[in-house]
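Protein chains: 2
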Amino acid sequence: MGMPSTELEFVRLDGRRREALFQQIYESIRQSILAGKLKPGVRLPSSRDLTQQWGVSRTTVVAAIDRLVAEGYLHSVRGSGTFVSDEMSEECLCASVPWTPPGANESQDNPAESRNVLRTSEVSDFGAELMSIDKVNADTAAPEAFCPGEPATDAFPMDVWSKIVRGVWKRVRPVDLTYGEPAGQLPLRRSIASYLQRHRGVRCEPRQVMIVGGTQQGVDLVSRLLVSPGDRVLFENPGYVSARDAIEKAAGRIVCMPVDEHGACVSAGTALTPQAKLAYVTPSHQYPIGATMPIERRLELLAWASDSKAWILEDDYDSEYRYGQQPIPAMQGLDASGRVIYVGSFSKVVFPALGLGYVIVPPQLVEVFENALRLASRPGSQIDQLVLSEFIREGHFGRHLRRMRRIHAQRRLAFVEGVRSLLSDRLTIIGSQAGLHCAALLKSKKSDVRIVRELGQAGITARALSEYYHPSTPTKDRLKGLVFGFACVAPAQIKKGLAKVAEVVC
Amino acid sequence: MGMPSTELEFVRLDGRRREALFQQIYESIRQSILAGKLKPGVRLPSSRDLTQQWGVSRTTVVAAIDRLVAEGYLHSVRGSGTFVSDEMSEECLCASVPWTPPGANESQDNPAESRNVLRTSEVSDFGAELMSIDKVNADTAAPEAFCPGEPATDAFPMDVWSKIVRGVWKRVRPVDLTYGEPAGQLPLRRSIASYLQRHRGVRCEPRQVMIVGGTQQGVDLVSRLLVSPGDRVLFENPGYVSARDAIEKAAGRIVCMPVDEHGACVSAGTALTPQAKLAYVTPSHQYPIGATMPIERRLELLAWASDSKAWILEDDYDSEYRYGQQPIPAMQGLDASGRVIYVGSFSKVVFPALGLGYVIVPPQLVEVFENALRLASRPGSQIDQLVLSEFIREGHFGRHLRRMRRIHAQRRLAFVEGVRSLLSDRLTIIGSQAGLHCAALLKSKKSDVRIVRELGQAGITARALSEYYHPSTPTKDRLKGLVFGFACVAPAQIKKGLAKVAEVVC
Numbered sequence: 001m002g003m004p005s006t007e008l009e010f011v012r013l014d015g016r017r018r019e020a021l022f023q024q025i026y027e028s029i030r031q032s033i034l035a036g037k038l039k040p041g042v043r044l045p046s047s048r049d050l051t052q053q054w055g056v057s058r059t060t061v062v063a064a065i066d067r068l069v070a071e072g073y074l075h076s077v078r079g080s081g082t083f084v085s086d087e088m089s090e091e092c093l094c095a096s097v098p099w100t101p102p103g104a105n106e107s108q109d110n111p112a113e114s115r116n117v118l119r120t121s122e123v124s125d126f127g128a129e130l131m132s133i134d135k136v137n138a139d140t141a142a143p144e145a146f147c148p149g150e151p152a153t154d155a156f157p158m159d160v161w162s163k164i165v166r167g168v169w170k171r172v173r174p175v176d177l178t179y180g181e182p183a184g185q186l187p188l189r190r191s192i193a194s195y196l197q198r199h200r201g202v203r204c205e206p207r208q209v210m211i212v213g214g215t216q217q218g219v220d221l222v223s224r225l226l227v228s229p230g231d232r233v234l235f236e237n238p239g240y241v242s243a244r245d246a247i248e249k250a251a252g253r254i255v256c257m258p259v260d261e262h263g264a265c266v267s268a269g270t271a272l273t274p275q276a277k278l279a280y281v282t283p284s285h286q287y288p289i290g291a292t293m294p295i296e297r298r299l300e301l302l303a304w305a306s307d308s309k310a311w312i313l314e315d316d317y318d319s320e321y322r323y324g325q326q327p328i329p330a331m332q333g334l335d336a337s338g339r340v341i342y343v344g345s346f347s348k349v350v351f352p353a354l355g356l357g358y359v360i361v362p363p364q365l366v367e368v369f370e371n372a373l374r375l376a377s378r379p380g381s382q383i384d385q386l387v388l389s390e391f392i393r394e395g396h397f398g399r400h401l402r403r404m405r406r407i408h409a410q411r412r413l414a415f416v417e418g419v420r421s422l423l424s425d426r427l428t429i430i431g432s433q434a435g436l437h438c439a440a441l442l443k444s445k446k447s448d449v450r451i452v453r454e455l456g457q458a459g460i461t462a463r464a465l466s467e468y469y470h471p472s473t474p475t476k477d478r479l480k481g482l483v484f485g486f487a488c489v490a491p492a493q494i495k496k497g498l499a500k501v502a503e504v505v506c
Numbered sequence: 001m002g003m004p005s006t007e008l009e010f011v012r013l014d015g016r017r018r019e020a021l022f023q024q025i026y027e028s029i030r031q032s033i034l035a036g037k038l039k040p041g042v043r044l045p046s047s048r049d050l051t052q053q054w055g056v057s058r059t060t061v062v063a064a065i066d067r068l069v070a071e072g073y074l075h076s077v078r079g080s081g082t083f084v085s086d087e088m089s090e091e092c093l094c095a096s097v098p099w100t101p102p103g104a105n106e107s108q109d110n111p112a113e114s115r116n117v118l119r120t121s122e123v124s125d126f127g128a129e130l131m132s133i134d135k136v137n138a139d140t141a142a143p144e145a146f147c148p149g150e151p152a153t154d155a156f157p158m159d160v161w162s163k164i165v166r167g168v169w170k171r172v173r174p175v176d177l178t179y180g181e182p183a184g185q186l187p188l189r190r191s192i193a194s195y196l197q198r199h200r201g202v203r204c205e206p207r208q209v210m211i212v213g214g215t216q217q218g219v220d221l222v223s224r225l226l227v228s229p230g231d232r233v234l235f236e237n238p239g240y241v242s243a244r245d246a247i248e249k250a251a252g253r254i255v256c257m258p259v260d261e262h263g264a265c266v267s268a269g270t271a272l273t274p275q276a277k278l279a280y281v282t283p284s285h286q287y288p289i290g291a292t293m294p295i296e297r298r299l300e301l302l303a304w305a306s307d308s309k310a311w312i313l314e315d316d317y318d319s320e321y322r323y324g325q326q327p328i329p330a331m332q333g334l335d336a337s338g339r340v341i342y343v344g345s346f347s348k349v350v351f352p353a354l355g356l357g358y359v360i361v362p363p364q365l366v367e368v369f370e371n372a373l374r375l376a377s378r379p380g381s382q383i384d385q386l387v388l389s390e391f392i393r394e395g396h397f398g399r400h401l402r403r404m405r406r407i408h409a410q411r412r413l414a415f416v417e418g419v420r421s422l423l424s425d426r427l428t429i430i431g432s433q434a435g436l437h438c439a440a441l442l443k444s445k446k447s448d449v450r451i452v453r454e455l456g457q458a459g460i461t462a463r464a465l466s467e468y469y470h471p472s473t474p475t476k477d478r479l480k481g482l483v484f485g486f487a488c489v490a491p492a493q494i495k496k497g498l499a500k501v502a503e504v505v506c
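So the protein sequences, as listed, match chains R and Z. Using the working numbering, read the first sequence as starting at 1 and increasing by one per residue. Using the working numbering, read the second sequence as starting at 1 and increasing by one per residue.
One copy or two, it doesn't matter: identical chains are merged, so the pair holds either way.
Capping the alpha-carbon separation at 30 Å, the derived lysine-lysine pairs in DSSO-like fashion look like this:
hint	residue 1	residue 2
1	K445	K500
2	K495	K480
3	K309	K39
4	K37	K309
5	K476	K500
If you're looking for bench data, these hints aren't it; they were derived computationally from the structure.
This is chain R alone, in the form it adopts within the complex (with noise of 0.2 Å):
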């Protein structure tokens, strides 16, 4: 009592702005004693005096108070009065900003963006490889003509999907809102086992299939689970590099398997490294040159994991578009040891918002990766995966499949037909008659890279063959050509975009 108060003259209240009175008080105090203009020990007014200042009820100073109060601003002490903390240092409130009120500018600049650059030893050793990422394959907003990996989006079923959507939402209870399994929704993984069981002679139960965000998430998952920093992946060279990014970033020391028109060369690749954890390949349909992965060498793979104890992931990622032949299955099905992981993705298949894909993992490995899913992740929407799986099962996904094998063949037909007439004589389509992209060496000497530079300038997206080798091999190794997709561009687009092409390229 003996101590003087405050004034608090501070405080403005305005009975027209948005906030309560009681949220002006509150903030206007709470901002001065982080800007120190109300010391720690300071003691307030009286609730009756301020009610009578501010000319508000006293409920809400009471309110006001009490909260700053639980929020360990102010302290009371029974008998003489409310005052300004004094555990909070000095030291301490300088370190702090004001709070922004409400309807502040959104777009303000953030003092700490300047002041702050990133120090690879404030982040993990895996932070610390992502800081300076090689950014070539980042996806673009909307594909166009030639991005490889997007299927045709505009051939997909909007009103048989949105029709599936709005059944579902009808059916769904309560219940069907809460967490789910980890590893996804059973008629999910039912669905999948059984589709790639008929067509890709994959042999799985439901609960070996884990749902996932996708292939990129999938082949994340597997290299976590089982590579540890320093162990050796092979790993096809050329490659998917998202994938292989994905690897080595997080851990995995890359051995490169050499490629050639029959896929990776298996014997090849594990003579360089008979040690190595886990191999990835693409036996369908090799990312990106296009060749199919003959069953010698498959065996031989298996025979190698089987004796080594070393994993295979197979990552399957378009092998339901082949043209002209029935899809080749997959390795897993040959599998006898239990040493394929295999991956698939519903991104070229349904469509890639959708943000589905699934691993299978041998019957050993299935509740580490339930564990890993549960405390890492989780696998999406659970009622997205229940459309896709009555999409599925009522017949739309097959149906939808064979119309999409045609539209692509047409496209890859018009796109090959394009190069052979317009371009031939610069460049050589080699790959198998299969997928959404296609690969084609160049016959000059001139590099691809600056061929794809180049056309990006005239508005044409391609990629360079000869980026998709590991940075550690010679550039005389590499093949040098163009990858381009064609499922994502509609045939007239194909021509004109291909006459563009053969403006650039020389």
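Starting from the known structure of chain R, fit chain Z onto it as the hints suggest.
Only chain Z this time, still in chain R's reference frame:
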């Protein structure tokens, strides 16, 4: 020509079977090669002979043979005929198994399963940690009285949500079905930034908002990017077990920060390990104790992080739910040095099955997080993100939140009153009036783990407070109590459930 050809009499064709004749021929030959019945080097009869022998069209025979050649099972020598490939060694063949024909029993025993026992040497360090994980806090399929962490999904406005879903699907363009931004849809990130600024005092721009699959994935991502193996992480003790496990199993060495009635004891924690890389805290509502961290501790933690270039992970998991007073602004808004990473989820405020949450990172971490999301993950369904963004923007989210706050407040009241009238001699409720769960201390000396087991037998879910402690904590230093979730239980069921609790707890 000189070499006799085998007769292929094992091929049995059946026009009534579902598979095409082509498929039957292909599979019969393939299986016979894999099983060693057709030896390497053996010559096949000519396609003309086979056409006659099987009574099918020559096109069918040629298609099947061509495919087997393409896959490497057979090879053709011009003028000599077609031979079983001799590049497959007997050894390799024995390692493989015959393909399971379509329609075979899906749930047949996998022969690999019984033989293969996983050894820690076959997986990564992370994988080995996950082989023997404690499943105490596993999600149950359907939440029941009194499962913590589950919101009242029965109160979710499914009609409003599914109407927005319908509307979004009507407007969806093909470009919306493509991959989209790795860090999530910008409209959603804008909605979240503006919501958090207004309601949680968070200061951020939309580009600092990373969309993830929920809190669990957010915590995992933060720990992977900032914590290297062996780095120390300050963690509340008792604390949120799944987050602690995610950090500890992946890399970090947990240093336990004691918790009292004001939440984490910051100075005690930082004194234990000044060099920690990260501190995980739940300042709004300590999990599981329920304390709110006062301002002086918040400022102290911020000053420590700023001085030692460490990070603070603020998990604001259920901060929207405070009953009787307004939510307390987040620590993130007080951070002038860009050291706070803020994690939130829509699981508690929309519904868990949505699988969407967010991480707000300081500006200097934006690029690293974007790269990680691109390489290692995908932020779930892009379409759901558009739906959620509209749900927020059109005010449904705010309305729903206010309604949920009322419902949860009623349920909390029913729970607290029930405990008071039935169990006040045995349980003391602690923590603030907030969240979806309530912790209560046991007055007796009986083991809380044993009581939880007995409650389970009586059909009641609860968690033992002592089990939220790090395993290194001596038993005598652990509070004994029960943690109940009241939010997912209707008031009438709360009463019934507590009657059962009263029978068990003594």
